[in-house]
Every structure is written in C-alpha cells, then in structure tokens.
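Protein chains: 2
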Amino acid sequence: MKTQTKALIAGLILTLAAGTAWAVDPEDAIEYRKAVFQVFKWNMGPMGAMAQGDRPFDREELAKYAEQMARTADLPWQGYVDGSDVGNTASRPEVWTDRARFDAMARDFETQANRLLDVVNSDANERQIRMEIGRLGQTCRTCHDDFRVARR
Amino acid sequence: MKTQTKALIAGLILTLAAGTAWAVDPEDAIEYRKAVFQVFKWNMGPMGAMAQGDRPFDREELAKYAEQMARTADLPWQGYVDGSDVGNTASRPEVWTDRARFDAMARDFETQANRLLDVVNSDANERQIRMEIGRLGQTCRTCHDDFRVARR
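Sequences listed follow chains A and B, in order. Sequential numbering of the first sequence, starting at 1, is according to the UniProt record's numbering. Sequential numbering of the second sequence, starting at 1, is according to the UniProt record's numbering.
One chain only, chain A, in its complex shape (with noise of 0.2 Å):
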C-alpha cells in the first residue's frame, strides 16, 4: 500500500474513532432537557402565580426568576439529539420531522424570556408585567401543544 493510502485510512480509523467517543448518549441528552425544563418550572412557576394574582407581586423576586430564565432559556435544546426520539421521553416526532418550526418556536420563547427581563428591569408597570408573563407561558404552551406528547 502507498504510503498516502495508509495515511488516509489511519486518519479515517482516527476520525471513526472520534466520532464514537463525541456520541452523546441519547437517555442522557432526554434526562438532560427534561433537567433544564425542571429548573425552568423554578423560576417560571412563581412568576405565573404571580402573574394571575396567586402570589404576592413582588418586582424583587421577579427580577431574580426573570433573570435566570433568560439566562438558561437556550439550554434545552442541545438536547434533542438524533435518537432521542425515543425512550422516557414526551417529545414528539415531530420535533425531528420538523426541527425549523421547533427552531423557531424555541427562538420565540428565547426572544420573550429575555423581553420580560427587560420589561421587569424597566419602569413598567405590574399590569404590563403580568401581561410579559403571560406571553412567555404562552409561548411554553404553544410549542408544548405541537411537540409534546400531552399529558394525561
């Protein structure tokens, strides 16, 4: 064999075995997004109370969940790997068959996390800011309803 041809194989043996050791495993990438999701009911429970009047309003507290919701609002979606469709997981098919539409819902949800951080940081008022709240649980169910098995 030229010497070339033996380089190019050891390289291809090397890329495979890269390419083995990068896989991530799919159970951990859906325990993983279901971890980032967990910690998003965290910050985005207290806030809907408070949004429908279940909980004291208060700007403080609002600031730190907001905070750290727009912090972590891009995490999950790493997590959708190919060949985590399956398993202990209730994301849809469709999550892979129609990943620009799930792209783009994940965007909106970005886009208003980091929206009402800004709105509970300005001189809003609390009706505005209830109403912040609102749109980013809105965009949580939107793309619930679509990529998400629902619950029973």
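Just so you know, the hints here were simulated from the structure itself, not pulled from any lab data. A hint or two may mislead.
It does not matter which identical chain is meant; a pair holds if it fits inside one copy or across any two.
Unchecked claim - Below are the EDC-like pairs computed for lysine to aspartate or glutamate, each with C-alpha atoms no more than 16 Å apart in a straight line:
{"#": "1", "residue 1": "34", "residue 2": "74"}
{"#": "2", "residue 1": "41", "residue 2": "61"}
{"#": "3", "residue 1": "41", "residue 2": "110"}
{"#": "4", "residue 1": "41", "residue 2": "67"}
{"#": "5", "residue 1": "41", "residue 2": "27"}
{"#": "6", "residue 1": "64", "residue 2": "118"}
{"#": "7", "residue 1": "41", "residue 2": "28"}
{"#": "8", "residue 1": "34", "residue 2": "85"}
{"#": "9", "residue 1": "41", "residue 2": "25"}
Given the coordinates of chain A, assemble chain B onto it according to the supplied hints.
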C-alpha cells in the same frame, strides 16, 4: 380597638398570608437542585472525559461546556431551603448545620468554574486546561465528600 391597632393586625395578617404564599415546597426545591446538578453533569461529563483522555480534546466544544458551566454555577444553592433536608435527597444534614462551610465550598466551585472558562478562552495550552478541569472536578468531590450521602 384603636384604628392604629386594627391597621397593625391587618398588616400582620397580610404579612402572614404573603409568607404562606411565598413558601417554597421543599419537595420542589429538592427536585430543582437535583435538576441543576443534572445540567452540571451534561457539561462536566464531556469536559472530564477530555481531561482524562477518554474523549478527543476539542477546544471549541470545551468552550461551550465551560461557558455553560460558569453560567449556571450559582443556581443550585437556592434549592437548599429549610425543610428540604428530608425527603428524596442525598444531602447530609450538615448542609443546614454547617451552612457557612457549605456556602464557602459553593463559592469555591463557582470561582473555579469561572476560572476554567477564563483559561479555556485564553492561550493556555492543553495541559493547563486539563489541570483546570481537574481542579473543578476536585471542588465537586470535596463538597460531595462532606455534604452528600455516599453512593452505594
């Protein structure tokens, strides 16, 4: 009753009601902090594997994981609320009885997560970066040894 006394009592009732509404469910707090640690694992896993040579060293991927690690490093501790020392948790009671030391270890971890990010984004060489990943892992282990029930 004097108007002033009435107002005082009304204020007290409102404060108590607010206190009730604000109270975090300890079970939710436990689930939350476990979720944050799951997110840590997603970022720390590949970095640890790269440090140990079990995965190809990739500076771009490292930068991503290190950034996500630094960005979320302060999130778990708010989940260690009163009453969450019992239930579905591996936390030792020392988290609550030796809080100053627990908090100091939390700060060490945050500092090292940020230091790793700085080093990854500097012109440090692979050996130096591996060492900083190892140091971050060490801050995890030190705290787990003292404040988490050992895995069986």
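Where does the structure disagree with the numbered hints, that is, which hint numbers, in rising order? none
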